[in-house]
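So the chains spell out like this:
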Amino acid sequence: MNSTVALRVNGEVHEVTVRADRTLLDVLRHDLRLTGTKEGCDVGECGACTVLLDGMPVRACLTLAVDVRGRAVTTIEGLADDGALHPLQAAFVREGAIQCGFCTSGMILVAKALLDEASGPDAEAVGRAISGNLCRCTGYGKIVSAVLAAARSAPTTTAQAPGTAR
Amino acid sequence: MRAFEYVEPTTLGEALAALADDDARALAGGVSLMVLIKNRLVALRRVVNLKTIPGLDGLRVGPNGALHVGPLVTHRTLERSALVRERWPLLASAAAQVASPVIRNMGTIGGNVCHGDPAADLPPALIALGARFQIATAGGDREIPAEAFQRDVYETALPPGAILREIVVPPAPPGSAGVYVKLQRNATDLAIVGVATQLALDGDHCRGACIAVGAAGAAPVRVHAAEACLAGRAVDEALARRAGQLAREAVEPLDDARGSAWYRREMVGVMVARAVLAAATNGRR
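Residue numbers (the numbering used here), protein chains in the order written: chain A, 1 to 166; chain B, 1 to 285.
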């Protein structure tokens, strides 16, 4: 049984007609061709499918597309501003925090949510925030460094400016 | 996934009517149900989204000091609530240890309780706090104590087609301290053993204790012998270890991928002792 739902993704509204059993992950990737969000385990454990729903990280693989009606979805594609990388994206590149890239979207979006609500997190807070996002390549060290670097480098990305004297 | 009908009720009555079908399931946060569906562990023809019913996500203190928690309150809300952390720290502690941060953003207390996973974190905490579950059924409301709610693996006392509408947690007397300790293989795993301890303290002196153990049997259990050994005594390491020993003898753990029955039994002894000591230490502060 199909229903038509208006999905607000990265600021744009898309009318999609989907079966109720389709996940947000599936619709993002296949209907909207936004393939930056990845399917890892499909059961909510790996974090590769993480997107922001009204700014809050959720597992797209465990979310029904029809259940998202009226809420704002942000995917990794929604971070760059007119081609300019988001400070988190730039930091990940600079710090060498990307190897195969499969975990990267989820990591960056979780980090964005963290920085949007916490000024100047420490390494432990970053580690806790990404504890549900698995990376098989990097050993997490450079991911944490990248998030900390982004927090230091771009006070305007956070709700309150982090103390630069840290 | 196989196709299913999807319903968005706006009242409990509509939801109850939609759930009257044998193959209908309620959807809360989705972190448990969606996994069941994907793993084909449940035959279902209809999903009833409870999130479209207003008023099921309230968190408030009632006139007699009890905490009233709507079933759709997320673990994230519970772990961050200043009210819950201050007055029912055991509940905040258990909610904070469910799975991972992103799962906690989505998962709900109602879902955690009704899913019936013996390793779930909130049921032992709710048992130790003496919580009562208000159930809405087509034939009227009823109340089931947390202690009697889970019957077996994935099997609860929730009647077919019913909805958990509210969880009521009694006020904790002054000097109460509670803690949830979880033994897990990694940061986001289900418990190998989970222990919820709520102590009524007068300084060092324990007036009474409620200890519930999860993941060490088909359902979480209160360990009465361990509770009794603490009553009227000052809690020290030796007494905590004694409580652990009594708990160890009282449980009937199962084998599964996260741990064998004998290992779980040993760990119940260890974790109950740790929980009792931690709660007593918290109470002193």
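Keep in mind that the hints are not guaranteed to be accurate.
[Unchecked claim] As a list, the in silico DMTMM-like pairs of lysine to aspartate or glutamate whose alpha-carbon atoms are at most 20 Å apart:
hint : chain 1 : residue 1 : chain 2 : residue 2
1    : B       : Lys-38    : A       : Glu-39
2    : B       : Lys-51    : B       : Glu-5
3    : A       : Lys-142   : A       : Asp-122
4    : B       : Lys-38    : B       : Asp-23
5    : B       : Lys-38    : B       : Asp-117
6    : B       : Lys-38    : A       : Asp-42
7    : B       : Lys-51    : A       : Asp-122
8    : A       : Lys-142   : A       : Glu-124
9    : B       : Lys-51    : B       : Glu-8
10   : B       : Lys-38    : A       : Glu-45
11   : B       : Lys-38    : A       : Asp-26
12   : B       : Lys-38    : B       : Glu-5
13   : A       : Lys-142   : A       : Asp-81
14   : B       : Lys-51    : B       : Glu-86
15   : B       : Lys-38    : B       : Asp-22
[Stated by the list, open to error] Covered stretches of chain A (chain B as the covering partner; in silico rule of three or more C-beta atoms under 8 Å from a C-beta of chain B):
hint : segment
16   : 3-16
17   : 48-57
Note that these hints are calculated values from the structure, not bench results.
Think of the CB as a built atom: it goes at the ideal place given N, C-alpha and C, for glycine as much as any other residue.
(message) Run the distance test for Lys-38 (chain B) versus Glu-39 (chain A): straight-line Cα separation, threshold 20 Å.
(response) Cα-Cα ~14 Å, so holds.
(message) Cut-off 8 Å, C-beta pairs, minimum 3 residues; does the coverage of the segment 3-16 of chain A by chain B stand?
(response) With 1 residues in contact (Cβ-Cβ under 8 Å with chain B), the coverage given for the segment 3-16 of chain A is violated.
(message) So if I understand the rule, the pair passes when the alpha-carbon distance is 20 Å or less; does Lys-51 (chain B) with Glu-8 (chain B) pass?
(response) Holds: Lys-51 (chain B) and Glu-8 (chain B) sit about 8 Å apart, inside 20 Å.
(message) For a C-alpha distance cap of 20 Å, please report whether Lys-38 (chain B) and Asp-23 (chain B) respect it.
(response) The hint holds at about 15 Å.
(message) Run the distance test for Lys-51 (chain B) versus Glu-86 (chain B): straight-line Cα separation, threshold 20 Å.
(response) 28 Å, violated
(message) What's the verdict on Lys-142 (chain A) and Asp-81 (chain A), does the C-alpha distance respect the 20 Å limit or exceed it?
(response) Violated, at roughly 24 Å.
(request) Would you mind confirming whether the straight-line C-alpha gap from Lys-51 (chain B) to Glu-5 (chain B) stays at or under 20 Å? (result) Holds, because 16 Å separates the two Cα atoms, which is no more than 20 Å.
(message) Given the hinted pair Lys-142 (chain A) and Asp-122 (chain A), is their Cα-Cα distance within 20 Å?
(response) Roughly 14 Å separates the two Cα atoms, so the pair holds.
(message) Just to be careful, I want the Cα atoms of Lys-38 (chain B) and Asp-26 (chain A) compared with a cutoff of 20 Å; is the pair within it?
(response) 13 Å, holds
(message) Verify this for me: three or more residues of the segment 48-57 of chain A with a beta carbon less than 8 Å from a beta carbon of chain B.
(response) holds (count 3)
(message) Check the hint pairing Lys-38 (chain B) with Glu-45 (chain A) against an upper bound of 20 Å on the C-alpha distance.
(response) 13 Å, holds
(message) What's the verdict on Lys-38 (chain B) and Asp-22 (chain B), does the C-alpha distance respect the 20 Å limit or exceed it?
(response) This hinted pair holds, its Cα atoms lying about 19 Å apart.
Taken one by one, the earlier hints fail for this structure at numbers 7, 13, 14, 16, listed in ascending order.
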